[in-house]
Amino acid sequence: MQATHPPISMPTVTLSTLLCGEEGTVELLPDLSLLSSLGIRMGKRVKMIAKCLANGPCILHVGDRAIVIDRAVAERIFIRK
Amino acid sequence: MATTHTHKQQTILMMGLPNVGKSAIFSRYTNMHVSVSNYPGTTVEITEGFMTLGASRVRIQDVPGIYRLDEGTDAAQQVAIDMLSTEPDAILFVLDAVNLESSLFLLMQVLDYKIPTVVALNRSDLSGRRGQHIDHRVFATRLHVPVVPTVAHENDTLDALKRALVKQLEAPDTDYILHVGDKERWTDIERMIRRAVKQPIDPFDPHDRTAFLIRPVSGLFMALIILGLTFGFVIGFGMALRQFILLPIFRGALFPWLIAVVERFVAHDVLRQALIGDYGFLIKGIEWPFALVLPYVISFYVMLSLLEDSGYLPRLAVLLDGYFKKIGLTGTSIIPLLLGYGCGIPAIMATRSLPSRTARIRVAVMVSFAVPCVSQTGAFIALLGEKSLFALFFVFGVSVLALVITGFVLDKLNKQPVPFTLMELPPMLMPKPKVFGKKVAMRIKYYVKDGAVPMIIAIFFTAFLYEFGVLNVLGRALSPLVSGWLRLPQEAATPLLLGIVRRELAVLPLFDMDLNMVQFITAALVALFYVPCIAMIATLAKEFNGRVAVGVFVFTTVAALFLGGLFARTATLLLLLFT
Ligand SMILES: Nc1nc2c(ncn2[C@@H]2O[C@H](COP(=O)(O)OP(=O)(O)OP(=O)(O)O)[C@@H](O)[C@H]2O)c(=O)[nH]1
Numbered sequence: 001m002q003a004t005h006p007p008i009s010m011p012t013v014t015l016s017t018l019l020c021g022e023e024g025t026v027e028l029l030p031d032l033s034l035l036s037s038l039g040i041r042m043g044k045r046v047k048m049i050a051k052c053l054a055n056g057p058c059i060l061h062v063g064d065r066a067i068v069i070d071r072a073v074a075e076r077i078f079i080r081k
Numbered sequence: 082m083a084t085t086h087t088h089k090q091q092t093i094l095m096m097g098l099p100n101v102g103k104s105a106i107f108s109r110y111t112n113m114h115v116s117v118s119n120y121p122g123t124t125v126e127i128t129e130g131f132m133t134l135g136a137s138r139v140r141i142q143d144v145p146g147i148y149r150l151d152e153g154t155d156a157a158q159q160v161a162i163d164m165l166s167t168e169p170d171a172i173l174f175v176l177d178a179v180n181l182e183s184s185l186f187l188l189m190q191v192l193d194y195k196i197p198t199v200v201a202l203n204r205s206d207l208s209g210r211r212g213q214h215i216d217h218r219v220f221a222t223r224l225h226v227p228v229v230p231t232v233a234h235e236n237d238t239l240d241a242l243k244r245a246l247v248k249q250l251e252a253p254d255t256d257y258i259l260h261v262g263d264k265e266r267w268t269d270i271e272r273m274i275r276r277a278v279k280q281p282i283d284p285f286d287p288h289d290r291t292a293f294l295i296r297p298v299s300g301l302f303m304a305l306i307i308l309g310l311t312f313g314f315v316i317g318f319g320m321a322l323r324q325f326i327l328l329p330i331f332r333g334a335l336f337p338w339l340i341a342v343v344e345r346f347v348a349h350d351v352l353r354q355a356l357i358g359d360y361g362f363l364i365k366g367i368e369w370p371f372a373l374v375l376p377y378v379i380s381f382y383v384m385l386s387l388l389e390d391s392g393y394l395p396r397l398a399v400l401l402d403g404y405f406k407k408i409g410l411t412g413t414s415i416i417p418l419l420l421g422y423g424c425g426i427p428a429i430m431a432t433r434s435l436p437s438r439t440a441r442i443r444v445a446v447m448v449s450f451a452v453p454c455v456s457q458t459g460a461f462i463a464l465l466g467e468k469s470l471f472a473l474f475f476v477f478g479v480s481v482l483a484l485v486i487t488g489f490v491l492d493k494l495n496k497q498p499v500p501f502t503l504m505e506l507p508p509m510l511m512p513k514p515k516v517f518g519k520k521v522a523m524r525i526k527y528y529v530k531d532g533a534v535p536m537i538i539a540i541f542f543t544a545f546l547y548e549f550g551v552l553n554v555l556g557r558a559l560s561p562l563v564s565g566w567l568r569l570p571q572e573a574a575t576p577l578l579l580g581i582v583r584r585e586l587a588v589l590p591l592f593d594m595d596l597n598m599v600q601f602i603t604a605a606l607v608a609l610f611y612v613p614c615i616a617m618i619a620t621l622a623k624e625f626n627g628r629v630a631v632g633v634f635v636f637t638t639v640a641a642l643f644l645g646g647l648f649a650r651t652a653t654l655l656l657l658l659f660t
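These protein sequences, in sequence, are chains D and R.
With our numbering, the residue at position 66 of the first sequence is 66, and numbering never jumps.
With our numbering, the residue at position 321 of the second sequence is 402, and numbering never jumps.
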């Protein structure tokens, strides 16, 4: 799984740094085809709902779906706030 | 030689995302009971049944749900992908009305196979409840495939689906509009959804109201409350059922009558004792499975089915994911572990939805070692609950602790990278009383067939072995272990021997023994860790291999005896020091 980092000038953050309740648009994703089936694709709006304890997964709302993303994967997804 | 002209029986393969209602439709069409639960990965193998379509009987196959054909993430999902190459006569594709995007993507991949397909737009009642209106004709026209809106629990919609299937089988039309590449597929899906779905002005988000169940602090707090209530209900309701209804019927009316009849008509001493004596088959063969264990089977399955159908289990899995990762497993492992508190066999089967073989074996070992099945739990509650609730909580506390330690040790012995957790949370649903009632009833029926009947047979043989003195001889032979190491009376060898046949039989005979509290807990701990029953050993061999089965057998036996003896000595020493 590899994600190329976006150019430095882009105002992006990784998905894992979004606070609960914050929203953003997906800018860049690792090459994991299951992500697209879960609705996490370029240009999609996502909202952080919860980050589980013990470095557990992040839970996002994508449209009306609740999606669970591993913290390690969330660290490789770039979001524009 | 006369020749017979035979028609090849037609086969319909059901496909779709996980948790979209495939099994619910399958059960309605075949009248077979298959597991229907509100979490992804309920179906872990191919289930075959037969249904009537027009004038013919066709075979229908339910397979595990999957997101994409190019990526099966576990053994169960791979089964679904492999089934496509068996050339079914038709595919019944179940499209999820509450998750159109991913469903449509998979549908497009399936259409590439050019197999006659009919699409059921299922759970359309749920999308309707959210205020959405879906025009299914948009999908039918854009993809050139028949689409029928369905609600799995409503017959008229399923009849319409049948008619569409008959049509596709009689005059197959596979002139689908195909898409090349993911990008083209997603673009077209978004376009179709924009045209087909009328959203309400103020969209209702089904996950908002239940978000407190997955937020870290409120979620863990709620988990404690929910699991506490579950435990309380299983014990309280089971005890009430036993104490106030079943025992008065059995002990107050049935047994005195049976004893009177046997005493009157059976003159032979040994035979009479075998029927109504210490291990009297007529008494214990009824009392143990039906008065002691059944009440807890009922209360446990009521709660487990509620947790399954409401959609709470995947939420619990997510909350615990971070902790499970520390022992090399994903949070979804909690589902087979919890199922193991019902019966170890479906629990081992449910490990098929875990992401790797290593994870499957680990969870199977944990279930075999430290998770008591519902019959054994019933026996524990009946045995310890009445004497001391502390002893009961202690044994269950040790069970949980042993699970954690086993997880850690297995992880240390064979460290493997833990797969990423990527999943969708199903919406929380109110269980449908009819479906829920049927599920609990089926599980009780399975308990009677697969649990109570073998238990009765084992008690029958035990009654005679006891009366002929065989158990006594074996007890003397095992005395160094039972009395010397475990500090139990010699007669406690009997439950140890019986425990190999059925787990609860390692506990139930202790009832009539005169033991002190340390001995009760020692015997309960040995029973907890002791070999899983024969049926479970056979399942381990079938699901993995003989080595795993033998390994579990040896490991659980040695560990149970060692830990039992260790507890007996430590507890006695502590009692000496502090009293
Ligand atoms: N309201 C409603 N609920 C449904 C309908 N169909 C299925 N369900 C519920 O949806 C959940 C999933 O149903 P299943 O039949 O287990 O789904 P599946 O596709 O077989 O799931 P997997 O075995 O995980 O692939 C259960 O809680 C069902 O009761 C429907 O048409 N309407």
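Hint data in this document are derived by calculation from the structure and do not stem from the laboratory.
One or more hints might be untrue.
[What the hints assert, rightly or not] Straight-line C-alpha distance at most 20 Å; calculated DMTMM-like pairs for lysine to aspartate or glutamate:
(1) Lys195(R) / Glu251(R)
(2) Lys44(D) / Asp263(R)
(3) Lys44(D) / Asp269(R)
(4) Lys279(R) / Glu235(R)
(5) Lys264(R) / Glu22(D)
(6) Lys243(R) / Asp206(R)
(7) Lys515(R) / Asp206(R)
(8) Lys81(D) / Glu23(D)
(9) Lys519(R) / Asp531(R)
(10) Lys279(R) / Asp64(D)
(11) Lys44(D) / Glu182(R)
(12) Lys195(R) / Glu168(R)
(13) Lys44(D) / Glu271(R)
(14) Lys47(D) / Glu182(R)
(15) Lys51(D) / Glu22(D)
(16) Lys89(R) / Asp170(R)
(17) Lys195(R) / Asp263(R)
(18) Lys407(R) / Glu75(D)
(19) Lys248(R) / Asp237(R)
(20) Lys44(D) / Glu265(R)
(21) Lys81(D) / Glu27(D)
(22) Lys513(R) / Asp206(R)
(23) Lys264(R) / Asp216(R)
(24) Lys264(R) / Asp31(D)
(25) Lys515(R) / Asp359(R)
(26) Lys279(R) / Asp206(R)
[Unchecked claim] Which bits of chain R does chain D cover? Going by a derived footprint, with three or more residues having C-beta under 8 Å, they are:
(27) 297-306
(28) 465-477
(29) 497-507
(30) 595-604
Cβ coordinates follow ideal geometry from the N, Cα and C atoms, glycine included.
Structure-based check of all given hints:
1. With a CA separation close to 16 Å, the supplied pair Lys195(R) and Glu251(R) stays within the 20 Å bound.
2. Distance restraint check for Lys44(D) and Asp263(R): the Cα-Cα separation of roughly 16 Å lies within the 20 Å cut-off, and the hinted pair is therefore satisfied.
3. Taking the CA atoms of Lys44(D) and Asp269(R), the gap is near 15 Å; set against the 20 Å cutoff, the hint holds.
4. Under the criterion of a C-alpha separation no larger than 20 Å, the hint pairing Lys279(R) with Glu235(R) is inconsistent with the structure, at around 23 Å.
5. Pair hint Lys264(R) plus Glu22(D) does not hold up; C-alpha atoms about 28 Å apart against a cutoff of 20 Å.
6. For a cut-off of 20 Å, the pair hint linking Lys243(R) to Asp206(R) stands: about 19 Å separates their Cα positions.
7. The suggested pairing of Lys515(R) with Asp206(R) holds, with an alpha-carbon distance near 17 Å, which does not exceed 20 Å.
8. Annotation: proposed proximity of Lys81(D) to Glu23(D) holds, straight-line Cα distance about 6 Å (limit 20 Å).
9. At roughly 18 Å between alpha-carbon atoms, Lys519(R) and Asp531(R) fall within 20 Å of each other, so this suggested pair holds.
10. For the hint pairing Lys279(R) with Asp64(D), the CA-to-CA distance comes to about 14 Å; that is within 20 Å, so the pair holds.
11. Among the hinted pairs, Lys44(D) with Glu182(R) is consistent with the structure: their alpha-carbon atoms are about 13 Å apart, no more than 20 Å.
12. Pair hint Lys195(R) plus Glu168(R) holds up; C-alpha atoms about 10 Å apart against a cutoff of 20 Å.
13. Straight-line distance between C-alpha atoms of Lys44(D) and Glu271(R) comes to about 11 Å, which keeps the hinted pair within the 20 Å bound.
14. Restraint check for Lys47(D) and Glu182(R): the C-alpha separation of about 18 Å stays at or below 20 Å, so the hint holds.
15. Distance check on the hinted pair: Lys51(D) and Glu22(D) sit about 12 Å apart at the alpha-carbon level, within 20 Å; holds.
16. Pair hint Lys89(R) plus Asp170(R) holds up; C-alpha atoms about 10 Å apart against a cutoff of 20 Å.
17. Using a Cα cut-off of 20 Å, the hinted pair Lys195(R) and Asp263(R) holds, with the two alpha carbons roughly 18 Å apart.
18. With a C-alpha separation of about 19 Å, the suggested pairing of Lys407(R) with Glu75(D) holds against the 20 Å cut-off.
19. In summary, the hint linking Lys248(R) to Asp237(R) is supported, as the alpha carbons are separated by about 17 Å, within the 20 Å threshold.
20. At roughly 16 Å between alpha-carbon atoms, Lys44(D) and Glu265(R) fall within 20 Å of each other, so this suggested pair holds.
21. In summary, the hint linking Lys81(D) to Glu27(D) is supported, as the alpha carbons are separated by about 10 Å, within the 20 Å threshold.
22. For the hint pairing Lys513(R) with Asp206(R), the CA-to-CA distance comes to about 13 Å; that is within 20 Å, so the pair holds.
23. Under the criterion of a C-alpha separation no larger than 20 Å, the hint pairing Lys264(R) with Asp216(R) is inconsistent with the structure, at around 24 Å.
24. With a C-alpha separation of about 14 Å, the suggested pairing of Lys264(R) with Asp31(D) holds against the 20 Å cut-off.
25. For a cut-off of 20 Å, the pair hint linking Lys515(R) to Asp359(R) is broken: about 42 Å separates their Cα positions.
26. Between the alpha carbons of Lys279(R) and Asp206(R) the distance comes to roughly 15 Å, so the proposed pair stays at or under 20 Å and holds.
27. With 3 residues having a beta carbon nearer than 8 Å to a beta carbon of chain D, the region 297-306 of chain R meets the requirement of three or more and the stated coverage holds.
28. A count of 0 residues in the region 465-477 of chain R with a Cβ less than 8 Å from any Cβ of chain D is obtained; the coverage claim is therefore unmet, three being the minimum.
29. Here the region 497-507 of chain R counts 6 residues with a CB under 8 Å from a CB of chain D, which clears the bar of 3, and the coverage holds.
30. With 0 residues bearing a CB less than 8 Å from a CB of chain D, the region 595-604 of chain R misses the requirement of three and the coverage assertion fails.
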